[in-house]
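Colleague: Below are the chains, spelled out letter by letter.
Protein chains: 2
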Amino acid sequence: MTAAPGFDAIKAARARIAGSIRRTPVLSSDFIDEELGASVFFKCENLQVSGAFKARGAFSAVLKLPAAQAARGVVTHSSGNHGAALALAARSRGIACHVVAPRTTPESKQRNMRRYGAKLTLCEPNLAARQAAAERILAETGATLIHPFDDADVMAGQGTVALELIEQVPDLDLIVCPIGGGGLISGTAVAAHGLNPKIRILGAEPEGADDALRSHRAGVITPVAQPASLADGLLATIAPSTFEVIRTQVHAVGTASEAQLVAAMRRVWEELKIIIEASSAVPVAALLNGSLSVSGRRVGVVLTGGNVDLQQLPWS
Amino acid sequence: MTAAPGFDAIKAARARIAGSIRRTPVLSSDFIDEELGASVFFKCENLQVSGAFKARGAFSAVLKLPAAQAARGVVTHSSGNHGAALALAARSRGIACHVVAPRTTPESKQRNMRRYGAKLTLCEPNLAARQAAAERILAETGATLIHPFDDADVMAGQGTVALELIEQVPDLDLIVCPIGGGGLISGTAVAAHGLNPKIRILGAEPEGADDALRSHRAGVITPVAQPASLADGLLATIAPSTFEVIRTQVHAVGTASEAQLVAAMRRVWEELKIIIEASSAVPVAALLNGSLSVSGRRVGVVLTGGNVDLQQLPWS
Chain A
-1 MTAAPGFDAI KAARARIAGS IRRTPVLSSD FIDEELGASV FFKCENLQVS GAFKARGAFS
59 AVLKLPAAQA ARGVVTHSSG NHGAALALAA RSRGIACHVV APRTTPESKQ RNMRRYGAKL
119 TLCEPNLAAR QAAAERILAE TGATLIHPFD DADVMAGQGT VALELIEQVP DLDLIVCPIG
179 GGGLISGTAV AAHGLNPKIR ILGAEPEGAD DALRSHRAGV ITPVAQPASL ADGLLATIAP
239 STFEVIRTQV HAVGTASEAQ LVAAMRRVWE ELKIIIEASS AVPVAALLNG SLSVSGRRVG
299 VVLTGGNVDL QQLPWS
Chain B
-1 MTAAPGFDAI KAARARIAGS IRRTPVLSSD FIDEELGASV FFKCENLQVS GAFKARGAFS
59 AVLKLPAAQA ARGVVTHSSG NHGAALALAA RSRGIACHVV APRTTPESKQ RNMRRYGAKL
119 TLCEPNLAAR QAAAERILAE TGATLIHPFD DADVMAGQGT VALELIEQVP DLDLIVCPIG
179 GGGLISGTAV AAHGLNPKIR ILGAEPEGAD DALRSHRAGV ITPVAQPASL ADGLLATIAP
239 STFEVIRTQV HAVGTASEAQ LVAAMRRVWE ELKIIIEASS AVPVAALLNG SLSVSGRRVG
299 VVLTGGNVDL QQLPWS
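Order-wise, the sequence lines are chains A and B.
All residue numbers for the first sequence refer to my numbering, where the first residue is -1 and numbers rise by one.
All residue numbers for the second sequence refer to my numbering, where the first residue is -1 and numbers rise by one.
The hints are simulated quantities; they were obtained by calculation from the structure and are not laboratory data.
Model, not experiment: these values are computed from the prediction.
Accuracy of the hints is not assured; some may be wrong.
As the list claims (entries may be wrong) - With a Cα cut of at most 25 Å, we get these calculated SDA-like pairs of lysine to any residue:
1. A:K62 / B:D28
2. A:K117 / B:F29
3. B:K62 / B:E138
4. B:K117 / A:E268
5. B:K62 / B:F29
Required output: the full structure, derived from the provided sequences and hints.
Modeller: Structure (structure tokens):
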């Protein structure tokens, strides 16, 4: 069974991926700070290579593979950003990357994966179809499965966001991440607490996919039967490996409605002049709607990705 | 008559504004590099405070005013970004900022100016109406006119973009700027050549407002009778002060059609995950359409602003 990485594994991942990823900038908005009565520092992983923080975990895992194993390629299933990131990481080693994605994946994300060289297999949008497609590819190719979040090397890569952010903005009181499968927040919690045990880690989810909140309250993994949200990167259910960190190291999980996350998405575009996707707006929405309380604090918010179909904006 | 600032004035401006403005990040795109066969470094002044590089010139001018003079406030006329920047700079000293703007100014830019505290006077969209309104305000208040570009302190502030960019990316062969009134490119040329006389400075204009190109070719200022473009920040005619620098220190001026600038704007949004306004897309369009040739070079491109009405995107 997968276990979350330790702090040393995250530092090792950082050294491994340093030449492959960007040190992303941190931005802020006086207007948002004023509204929240807090100092908010946005870590812009939407500006990361591949358009999302997922490049960190993908490079962390791909660069760790021994050459003989790597040569047989990698395979994953992904709503899009992990697939694109894995394709980019695979290309950097000259190896094949197979991605199984639901056929409902937005066209912009499919295009993004293809242009990084992913071999895309579209399947029905359910777990059984996805697993069947992935297993067939694994059997045919001998490729290595790189799970989007239930993988210690992937989680270690995602944790490097927090190492960088805390260097860029010392004395943070809190870090807020969205929760999909929980890879980002697990890596973030281990990394941040490795540097400073007093930092509080907060999660945020769409109301329609709030399995981490339910699980955090119940003390056991509590899936949502039919997760649904515009935040298509946050529909996955947390795994035992990520839940263990969420249960013990995440202090609270906030939520936002669909209207609130659309408004927050637009607000970030207008105030920060950057493009974030719906999934990235959820933590911002959970701050603006009061679901997470940060008054008087220094708050890091991870903006996770910017892969958006510009022809279909949710407010137009 | 106004003269362009010298290199020392730009260094002095940088020291003056250092605590008020952001050191903006530099981004790049492998896909754009591949298409152009060049290494392109985008200096993201759309992420500058007030949403545009104009904050540099505005703070440079406002922070230089003696206290007694500053107390009577400042006034300007502006298509939007200089007005917002001046309001922000004025607010930082607790003084009034009056802005005369054409009534055709996009709503998003009017709102941006107002929320920084500008006292807005809308006028007919012609030079006579604008001057009459500004003169009335000057007479009533005793405020100081801070011209959007024909002002040595403003130009000196704009030149600080190039000082930063060259620190961030040494060994640039070229820097490309859009040309409206010419304040940015004048400051850029003086600053860049002060650091490295071999850097080539290129300008870019919309085809419908190509007065700098015509003037550069003719050797005298050659206005366009009815400038028209979506790039509403680039409709002004260059001044004698800026033309003197353009004539002697700018190596070429490229142009782009309206369709090309819209495509370039969208391309930057998609590739870099940042929001740039139409005016900022013109240099990118002039690279992509081959009007400016940069093959094999290391190219800095100043992305000037990100104040866009998200409800009215030019491709939707």
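Colleague: Now, for every hint given, state plainly whether the structure supports it.
Modeller: Against the structure, the hints come out as follows:
no. : hint            : result
1   : A:K62 / B:D28   : holds (24 Å)
2   : A:K117 / B:F29  : holds (19 Å)
3   : B:K62 / B:E138  : holds (23 Å)
4   : B:K117 / A:E268 : holds (22 Å)
5   : B:K62 / B:F29   : violated (43 Å)
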